[in-house]
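Asker: Residue strings, one per chain:
2 protein chains.
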Amino acid sequence: MLKEERQRTILNEVELHNRVQLTDIAEILDVSIDTVRRDVKELDAENKLRKVHGGAISLGFISSSTRSTSVYALDRKIAIAEKAVTLLKDGGVIFIDGGTTCMELARLIPAQLQLTCFTLSLPVAMELVSKPNTTVIFIGGEISKDAQISMGSSTIHNLSEIRVDYSFIGTGYVDSRYGLTEFDWDIVQVKKAVIKSSKKTVLLSISEKLNSQHRYKTCDINAINTMITELDPENNLLNLFRNHDLRIL
Amino acid sequence: MLKEERQRTILNEVELHNRVQLTDIAEILDVSIDTVRRDVKELDAENKLRKVHGGAISLGFISSSTRSTSVYALDRKIAIAEKAVTLLKDGGVIFIDGGTTCMELARLIPAQLQLTCFTLSLPVAMELVSKPNTTVIFIGGEISKDAQISMGSSTIHNLSEIRVDYSFIGTGYVDSRYGLTEFDWDIVQVKKAVIKSSKKTVLLSISEKLNSQHRYKTCDINAINTMITELDPENNLLNLFRNHDLRIL
DNA sequence: ATAAAAAAAGCAAAAAACTGCAAAATAAAT
DNA sequence: ATTTATTTTGCAGTTTTTTGCTTTTTTTAT
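Same order as they appear, the protein sequences are chains E and C. For what it's worth, numbering that gives the first Met the number 0 labels the leading residue of the first sequence as 0, then goes sequentially. For what it's worth, numbering that gives the first Met the number 0 labels the leading residue of the second sequence as 0, then goes sequentially.
Honestly, I wouldn't trust all of these hints.
[Stated by the list, open to error] Okay, derived cross-link-like pairs now, DSSO-like style, lysine-lysine, Cα gap no bigger than 27 Å in a straight line:
(1) Lys50/C - Lys40/E
(2) Lys40/E - Lys144/E
(3) Lys144/C - Lys88/E
(4) Lys82/E - Lys2/E
(5) Lys88/C - Lys144/E
(6) Lys88/C - Lys2/C
(7) Lys216/C - Lys144/E
(8) Lys40/C - Lys50/E
(9) Lys40/C - Lys208/E
(10) Lys198/E - Lys191/C
(11) Lys130/E - Lys40/C
(12) Lys47/E - Lys144/C
(13) Lys195/C - Lys50/E
(14) Lys216/E - Lys88/C
(15) Lys208/E - Lys144/C
(16) Lys216/E - Lys82/E
(17) Lys144/E - Lys40/C
(18) Lys208/C - Lys144/E
(19) Lys130/C - Lys208/E
(20) Lys191/E - Lys208/E
(21) Lys208/E - Lys82/E
[Unchecked claim] To be clear about the criterion: a stretch of chain C counts as covered by chain E if any three or more of its residues have a C-beta under 8 Å from a C-beta of chain E, and this derived list gives those stretches:
(22) 132-139
(23) 180-186
(24) 193-202
[What the hints assert, rightly or not] These stretches of chain E come out as covered by chain C in the derived footprint (C-beta under 8 Å, 3 or more residues):
(25) 51-59
(26) 132-138
(27) 144-156
(28) 172-179
In case anyone wonders, no lab produced these hints; they're calculated from the structure. In this text, all values refer to a predicted model and were calculated from it rather than measured experimentally. Note that CB positions come from ideal geometry on N, CA and C, so glycine has one too.
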């Protein structure tokens, strides 16, 4: 078997499965592992793939991982935010949660729209101050270093004194039976307070989070008035949510 | 399973849920928790995520890096901040005002110093959350678009409920006879409330502002306990302030 | 203050990578 | 066709990396 041929096979395997182990290739090609190792080393030098300990991975795989400086699934989150923006109307009073999806919503708020926005997220607040016609009110409290949001009893008390038309919230996990759940108990307390302060609650969540759950419960799925994912509202993945009194966008 | 695969999975989980715990990952990947710990440590070193006790959190959440553009007289403001830092001590409860000079103070707070910091400035809060041993409490309220600080009656009310050892404030204008003055009436109201909430008040001001005044008065010069400028404390420009009961640094 | 959980450090077994080398295959030259 | 040079391949020994386990220290929660 020619070297060229072997390397072609290795590349095929890598591109097909995104990753490959040297031992597997050696077996498939029936050559020594040293030969495979050398082939992979060459292909790596030619930038055809990326050699890693124990195997090789495709370039497409690696390039998408290096670009993780930006937000995960940004395009999908923007798609969600675009739908959410359609719910906003002049003179509205809304709450915007923390998290990257809500951050995209904040970004996409039209400059001319006259809004009163409550938030407890420092990054969201920073974004909102750049909107000329948006009044920004920050819910104070102790700032969580992880999430960069106000948390704790003071925050919850402050939330109890407001009342907004719409709140746009994210969640860690969402399931049609178990509702919205979180990893963090304190976060749950805050989100509960947010929902209590809202006439209507809009959940923004990428579809990957559907049908997942964790330890602490924020609310049942019926506490949500509108759920927005990046999917088409008719998508089958959303079927489980149709039984509930829930608008899907 | 290749190490790269594992790390990619970890990144996916983290970016999807913003936060994961090591034990969950270990179970998902069916590897020992030590391996997960090491992977997360690596990813943290590569700035792909942030490792926290018990798990990891997504970077999208963390420090949107408050890169200050060009700050006027930055070196002098840093000099002031360096002096101010010497007043801080472990376990202290302080307030940090908005403005570029106070921002430099926030930047220079040592990482190991254990502090409780109140602030009403979004940029200062953003900076402070990066300090591991600093508890950050944001005074909520309506956010002023120019100053990016909380203002208004709610802010003032929130301020009335706290009491700090030191407050570090800036001012628009300062004069030995007329005291601290501002161009903006609302700002004055907030600063008054800050001073009232502080056992001791430290004024940070570059010397260019000395002997200037404006329309609305924040307080007399005796309300200030310590004044810090970039000048040597013995500098003649400070002579007019020596009559007062005022420490000059 | 105490107990529980997590992190860090050290260690050893296993897997993988690297090295040099010799045999085999290929190509080139006479 | 035969010899020679070059490249390729497999092998053995050594080094490095990875991984899980145990013990100790640190952190967190009660």
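Asker: None of the hints should be skipped; say for each whether it holds.
Answerer: Outcome of the hint check:
no.: 1; hint: Lys50/C - Lys40/E; in the structure: violated, 32 Å
no.: 2; hint: Lys40/E - Lys144/E; in the structure: violated, 43 Å
no.: 3; hint: Lys144/C - Lys88/E; in the structure: holds, 21 Å
no.: 4; hint: Lys82/E - Lys2/E; in the structure: violated, 53 Å
no.: 5; hint: Lys88/C - Lys144/E; in the structure: holds, 21 Å
no.: 6; hint: Lys88/C - Lys2/C; in the structure: violated, 44 Å
no.: 7; hint: Lys216/C - Lys144/E; in the structure: violated, 36 Å
no.: 8; hint: Lys40/C - Lys50/E; in the structure: holds, 21 Å
no.: 9; hint: Lys40/C - Lys208/E; in the structure: holds, 25 Å
no.: 10; hint: Lys198/E - Lys191/C; in the structure: violated, 36 Å
no.: 11; hint: Lys130/E - Lys40/C; in the structure: violated, 38 Å
no.: 12; hint: Lys47/E - Lys144/C; in the structure: violated, 50 Å
no.: 13; hint: Lys195/C - Lys50/E; in the structure: violated, 64 Å
no.: 14; hint: Lys216/E - Lys88/C; in the structure: violated, 40 Å
no.: 15; hint: Lys208/E - Lys144/C; in the structure: violated, 35 Å
no.: 16; hint: Lys216/E - Lys82/E; in the structure: holds, 26 Å
no.: 17; hint: Lys144/E - Lys40/C; in the structure: holds, 19 Å
no.: 18; hint: Lys208/C - Lys144/E; in the structure: violated, 35 Å
no.: 19; hint: Lys130/C - Lys208/E; in the structure: violated, 31 Å
no.: 20; hint: Lys191/E - Lys208/E; in the structure: holds, 19 Å
no.: 21; hint: Lys208/E - Lys82/E; in the structure: holds, 18 Å
no.: 22; hint: 132-139; in the structure: holds (count 6)
no.: 23; hint: 180-186; in the structure: violated (count 0)
no.: 24; hint: 193-202; in the structure: violated (count 0)
no.: 25; hint: 51-59; in the structure: holds (count 5)
no.: 26; hint: 132-138; in the structure: holds (count 5)
no.: 27; hint: 144-156; in the structure: holds (count 6)
no.: 28; hint: 172-179; in the structure: violated (count 1)
In the structure shown, a violation is registered for the earlier hints numbered 1, 2, 4, 6, 7, 10, 11, 12, 13, 14, 15, 18, 19, 23, 24, 28, in ascending order.
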